[in-house]
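Novice: Below are the chains, spelled out letter by letter.
There are 4 protein chains.
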Amino acid sequence: MIGKIFSVALFGESHGPGVGALIKGCPPGIKIDEEHISLELSKRRIRDPRVSTQRIEPDEFDILAGIYKGYTTGAPILIFIKNKNIESKHYEEIRFKPRPSHADYTAYIKYHGYNDYRGGGIFSGRITAAMVAAGAIAKKVLEKFSIEVLSYIKSVGDIELNTDIPIDKIREKTYLSPVRCPDEETSRKIYEFISKVREMGDSVGGIVETIINGVPPGLGDPPIDTLDGDLAKAILTIPGVKGIEFGEGFKLSRQLGSDANDPFIIKSGKIMTMTNKSGGINGGISNGMPIVFRVAFKPTPSIYKPQRTVDLKEMRETTIRLKGRFDPCIAIRAVPVVESISSIIMTDHLLRWMAWEKYLEGNR
Amino acid sequence: MIGKIFSVALFGESHGPGVGALIKGCPPGIKIDEEHISLELSKRRIRDPRVSTQRIEPDEFDILAGIYKGYTTGAPILIFIKNKNIESKHYEEIRFKPRPSHADYTAYIKYHGYNDYRGGGIFSGRITAAMVAAGAIAKKVLEKFSIEVLSYIKSVGDIELNTDIPIDKIREKTYLSPVRCPDEETSRKIYEFISKVREMGDSVGGIVETIINGVPPGLGDPPIDTLDGDLAKAILTIPGVKGIEFGEGFKLSRQLGSDANDPFIIKSGKIMTMTNKSGGINGGISNGMPIVFRVAFKPTPSIYKPQRTVDLKEMRETTIRLKGRFDPCIAIRAVPVVESISSIIMTDHLLRWMAWEKYLEGNR
Amino acid sequence: MIGKIFSVALFGESHGPGVGALIKGCPPGIKIDEEHISLELSKRRIRDPRVSTQRIEPDEFDILAGIYKGYTTGAPILIFIKNKNIESKHYEEIRFKPRPSHADYTAYIKYHGYNDYRGGGIFSGRITAAMVAAGAIAKKVLEKFSIEVLSYIKSVGDIELNTDIPIDKIREKTYLSPVRCPDEETSRKIYEFISKVREMGDSVGGIVETIINGVPPGLGDPPIDTLDGDLAKAILTIPGVKGIEFGEGFKLSRQLGSDANDPFIIKSGKIMTMTNKSGGINGGISNGMPIVFRVAFKPTPSIYKPQRTVDLKEMRETTIRLKGRFDPCIAIRAVPVVESISSIIMTDHLLRWMAWEKYLEGNR
Amino acid sequence: MIGKIFSVALFGESHGPGVGALIKGCPPGIKIDEEHISLELSKRRIRDPRVSTQRIEPDEFDILAGIYKGYTTGAPILIFIKNKNIESKHYEEIRFKPRPSHADYTAYIKYHGYNDYRGGGIFSGRITAAMVAAGAIAKKVLEKFSIEVLSYIKSVGDIELNTDIPIDKIREKTYLSPVRCPDEETSRKIYEFISKVREMGDSVGGIVETIINGVPPGLGDPPIDTLDGDLAKAILTIPGVKGIEFGEGFKLSRQLGSDANDPFIIKSGKIMTMTNKSGGINGGISNGMPIVFRVAFKPTPSIYKPQRTVDLKEMRETTIRLKGRFDPCIAIRAVPVVESISSIIMTDHLLRWMAWEKYLEGNR
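Protein chains in written order, with this note's numbering: chain A, 78 to 441; chain B, 78 to 441; chain C, 78 to 441; chain D, 78 to 441.
Bound-form chain A, shown alone (with noise of 0.2 Å):
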C-alpha cells in the first residue's frame, strides 16, 4: 500500500471490468461530494484531439465503501471507476509482440503469461483514475489544514517553461490549458509541438512540477521513512515516471554549497529560508518552505511507426506497427496523477506526525 496510517492500495486493468482504490485510515467526519471527486476525475481528461488520446471515458464512479450521508466514516473506502469505451480486439493480435519499451514484456515473464494483456492491463494508464479518485479524498483531508498540491507541466521535449509563475496563476491557469502548462505562451508552443508529433505517429516525453504549499515543518520520518523518498517511491508508480529531483535536483549535483545552501533567515518572526533549493526537505523532514519536485516522463512508449519487437511464442525477431489509441504526450495527462499520489503520501505524513505532536501536548 501507499502510505502507513492514511494508505492507499490499487486494482484494476485497463479492459477489465474497471480500476479502484482502497483507502485507509482516513478520518471519519470529512466532506467528500461525488462532484469533488468527478471534478478531479475530469482532470485527467484531456478532450482535444490533437495532443491526447481519443478514448474519453466518462469515469463515472461507485463509492461501494466508507461514506456515508456524504462524509468519510473511518471505515476503509472503496472508489470503483467502472470502463466504458472498450476496444480490445486489436490487442489479441500484438499479444505476443511486446510493445518496445512497455511492461508488455516484463508482465508476461513475471505474470507467467496470464496477465489480462488487454490494453496494457494494469500497467495502462487507466490505473491513474483510480489514484486520481484516492487522491480526492486526500486532497479534502488537507484541506483542512491548508496544505495544497499544486502539479504542472514544465517541459516538453525542448519546451521549458522558464518564467516564474505566481501561485494565483498555477491555481487558476494549469487546468484551462490543454497541456496543463500555467503559463499561455508555453502552453500554446507545447500544444503545437504535441499536435505535430502525433501526427507524426510519435509521441514525447515531458516535466511535471510540484509545489506543495503550507506543510507544516518536522513531517517526514528518517531514517527510512523519509518524506521524499515516499513520494519517491509513490510518484514511481505512476506508469512512465523515470527520474524524481527535489528542489534543484540535479543541478545541485553540478554546484558548490556556498551557492547551494539555503541560508535561515526571519520573516514576520518566523524561520524560513531566503532562497530553496532544498525543496523544502532537509533530512528527510518538511522545513516548513515550499515542497518542489520535478517528475521526469517518457515519451508514451506505444507509438504508430512501426518497431522492431520479438514473437514471444515463436521466439523470434519481428515487427509491429501499433493501432490502437494512445496518448502522444503522456506527461500532460499526468499532472494530476501526480498532484493526487503527492496529495496520498503528504496526508499520511501529515497524520503520522500529528500522532506525536498529540502525545506531546498531553506531555507538557
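Hints listed in this document are in silico derivations from the structure and should not be mistaken for laboratory results.
All the pointers check out, no bait thrown in.
Pairs of lysine to aspartate or glutamate residues, derived as DMTMM-like cross-links and limited to a Cα-Cα distance of at most 25 Å, are as follows:
id, chain 1, residue 1, chain 2, residue 2
1, B, K146, D, E164
2, A, K344, B, D388
3, B, K344, A, E391
4, C, K81, B, E434
5, D, K108, D, E137
6, A, K347, B, D388
7, D, K217, A, E438
8, C, K146, A, E391
9, B, K246, B, E262
10, D, K328, C, E286
11, B, K161, D, D139
12, B, K81, B, E220
13, D, K120, D, E237
14, B, K146, B, D110
15, B, K344, A, D388
16, A, K390, B, E438
17, A, K328, B, D279
18, D, K120, D, E249
19, B, K159, D, D110
20, A, K146, D, E438
21, B, K382, A, D336
22, B, K217, C, E434
23, B, K108, C, E438
24, D, K328, C, D241
25, B, K344, A, E394
26, D, K166, B, D139
27, A, K347, B, E170
28, D, K344, C, D388
29, D, K347, C, D388
30, B, K231, A, D235
31, C, K159, A, D139
32, A, K161, C, D139
Small disclaimer: the values here were computed from a predicted structure and weren't measured.
Take the given structure of chain A and dock chains B, C and D to it, following the hints.
Specialist: Just chains B, C and D now, with coordinates in the frame of chain A:
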C-alpha cells in the same frame, strides 16, 4: 524498514556509542567472514586528506546476533559499528545555530529539541557505515545468483565521465581511484577539482551511477511495490541525495518515443533489448537488461565559509562559521553506500520473486 | 492487511452497497471458477430458521479485478459482494442506544459519530462474507500443495463434541449439519439447544475447532511473525471471537512437562511426534504435524430480551428491545470464516517459506 | 516488528553475545533513567532456586542509540543486554537430539541446520529480557497518560487465584511474591507446588492474567488491526504461550447472551459497563473499561526426566536426558514479559489513535 522479506533497520548517532543495522529475513547458511564486511566498510574511507574529511574511523564492528560459526543462521543479524575519533565540543557552539541546508533545523523542530545534535546525530553521514555493513550481507546473498551491483562517480561539479567504461574496468578501478571514478583521466580531473574546492573551504556535489548486472526478468511487485520505486525510496535515505533517474531518465523527457524505445531482439537465444534507455526496468519490473540509474548528491552543506542563519533560542538572525571536519564532496564517499542500499533492495526483491517462482514450479 | 506476501484487505458495511476483499500477491495461473467461490460463500448460509437469522442473502459477487479467463493474473484481485435483503429502519431507533457488548458504542466513540451504524456497519457479521470470498482464493493456492484447512463446531454452550472424529468424516459431514458439527448426535443436541435458545429470544456462544493437514515443517517467521501469532491476529478480526488456543492450549497450563511434551518418533521414515499436544507448532514454526486450534465465540450480543443501556445523545440510562434479525449462535456461522481466515494466513506463510527454500535450492 | 508507529524488533541468541531490542517511533523528550530499565529487568529474575533456574544473569545493558542526556531523542533506540553466565557445552551433546515440544526441531528444519542451537538460540527465554527492556520504554510513554499495565499469576497447575484482588494489592504485592502472585496464600501454595515439581525434575504450566487501566475508549483499528488481535499476535511471540482469551474468554462460549452482555450505565457522568465480561474491548476497539486478558503458558519443555526423541543425523529413535539449567515454571518468569509486550502494543495504539484525534481537533 528497508525491504519486506529481507529487511534492514538502521540506528545510531554520529557522536553516540555507534551506528548499526538490524537485518531480518536473511536466508541461513550464507558464509559471512568478517573480512568481507571490513573490506566493504573500508570502501567508505578515503584516506586522502585533499578530498576527504580528516575524521577517519577504523569502523570496528561487532556482530551481535544472527551469525554463528561464520554462517548466517536465519535469525535477525545485528551489526554494531563503534564510534571512535569523536570531537563534539564544536557542536555545543552551533547547537542553536542550524547549518543552512543541513538537517539541524528540521531535527530540532521534529524532535522538539531533544535530538542528539552532536555531529548531526542520525543525520550524519556516519549512518552510512551501517548501510554498508548491511549491504555487505546483501551482496553475499546476491553473489550466489551472480547478481552484481557496481556504483561509481559519474560526475562531480561539471566534470563528467563521458566515455563508455567496460564493466571489468569499473569493477577493478573504481575503488583504486581516490574519487571513485573508474576512468583515470576523469578521476584525476575530479581529484584536482575537489582539492581546490576544499582549499576554498567550500564543497561540491556529484552524481553516482549504478549498474546492476545479472538480474533475472520479473523482479518488482506493481502496482505499488515497483522495483524502481523501492530503489528510489531506499536511495533517498542516503544523506545528501536530491534526485534519482533510471535509464536515460530526465533526458527521456526531451525525446520522441521513436528514439526512446528499446527494440526487442533475440541474442544467443535470449530476449534482450537493442538499447537500454529504460535502464532495465519496464512497468516497475526488471526486464533482464542491466539496471542503470543515477543519483544526484548535493554539495556537503557543512562548509567553512561564513553563512547566514538564525539563533533558534534567541530568535534572531546571525552567522555561523564552522570548525568541524567535513567532506568536501559526499558523493565520492557515497559510492559504496549507493551500492549497498541497492544490494539490499535487490536481495529483497529477489527473495520476493522466488516465493512465486517456487510456488509455480510446484504448480506444474 | 492480513498477510505479507499474500495479503488481504477488507471493506464494506452491512447496509451499504456491499462488502468485499482486495487480495494481493496471489500467484498467477491458479484456476478460479466462480462456482468454487459461490460454494464457499454458501457455507456461511444456514437456511434453517430455527438456528439462524432470517436475513438470507444470495451473496452475488463480482470479480472486479485480477482474474482473467478463469485464472488468477498475478495482479490484485477484487471481489465485491452486493448487499441485498436489507432492513435498516430499525437501526434509526437504536442509533444512540448502543447494544450491550456490541461495537455500537466503541464505533460511535472512535469514529466520532460518523460511522455507518446501520446493521452494525463494518462490525456486522456481513464482513465475514468478504473473508470467505478471499479464503476461497487462498484455498485454491493451498490445494496445489495438498494443504487442507477443516473447521467445525467443537461445542455450543455446554454441549461438546467429545469423541474423536476421523478426518474424512469431518470433511464430509460438517457442512451437512445445520450447526456445522460433523458428529450426528452432537449435531442434533446442539441443534435442539440453539432452537430453544432462539425461542427464548436469547443467544449462545460456541467453540470452533480447526485442523490443518499437510503443512510442511518450517512455516513461521520468529521472533515476531510466528505462525501462531499471525493466525491469532487474523482470527481475532472475526466478529465475536474472545479467545484462541493452540494444541491443548489452556489445558497445558495445568499440566506437567512430562505429560505435555510430544515425544519425537520416526514413522515410515518421517519424523513425527507421538502426540500432538503442541498443535503442530513449536517456537512459532510448523513442525509437520496437523495444526490444531480452537476459537471461542461469545454469544451474539444482539438478543431480543430487554437490556439496560444508555442514550448517548441525552446521556441518560435507558433500555433497548431489539427488533432486527439476528443469529442465535454466530459460532455455527463462523465455521467457514475461521477456515477462510486460516487459509489466508497459511497461504501467506507458505509463500514466505518458499522464498527461502527457492533461494537455498539455488544455493547448493 | 511489533507495532506500527511505535514499533519493536528483537534480536539475539541465548548463548551469543547478547539479546536486544530496536525501538522505533518513540516520541522525543521522555525521561528514561537506566535504573528504571534495570528495575524492570530485575522483575524477570527470581532468585529463589526452589522455583527458578540457577542461570541468574545480571542483565547488564547498553543503550547504544536513541537516548541522549537521559531523554528519548525521537530516533531509533537500541538496547543491548549482554549474555553472561553461559554454559554451552551440554548443548553439543543434544545438538541433533531435539527436545520434545521445544523449538529445537523446527529451528533445525527451518534454518537448514545453521541455527545457533546453543541454549535454544533465539527460542530461548533469554529473548524475553529484550522484550522487557523495550517494554520499559513503552511503560514510560504510557505513564504520561496514566495507562497502567499489571500482570500477575492467575494459576499454576490446578492452583488458581480465585479471590478478587484489589488493584492496589496487585500493584504492590505481585513482585514481592517469588511466584508473582499477589495473594499471599495462593502464592504460598503455588510456591510449594513448583518446588515439588522441580524436585521431581519436571515442569508445570500456568496462566498469567493482565489488567490494563486508564485506556481511553477508541483504541484499535478494525477491520484488520484490532486491539485484541494486535495484543494476541504480540503475546504469542513470548516463548511458551499456547492460548489467550479476553474478558471471560472461553467461558463466554458456554454462556447465553443475556448473561454475557455488559449493560451500559452512567457513573459520575461517564459511560461505563456494569460488568466487564468483554474485557474492555468491543469490535476490536477499547471501550474505556479495564482491558483484561489471560495467557496460557505450557510447562517448560526442558525437563530432567528421560524423554523419547530422534537423532536427526542418524535418523533413528533415541532418548535424551537433559543436564542444563531450566525453569520449572516459565509462567512465573513471564509475568513482566506479558506486561512489557502489552505495554508496547498499547503504546502503539495510543499513538495511532492520537493521529486521528489531533486531526479531528483541528477539524473543528
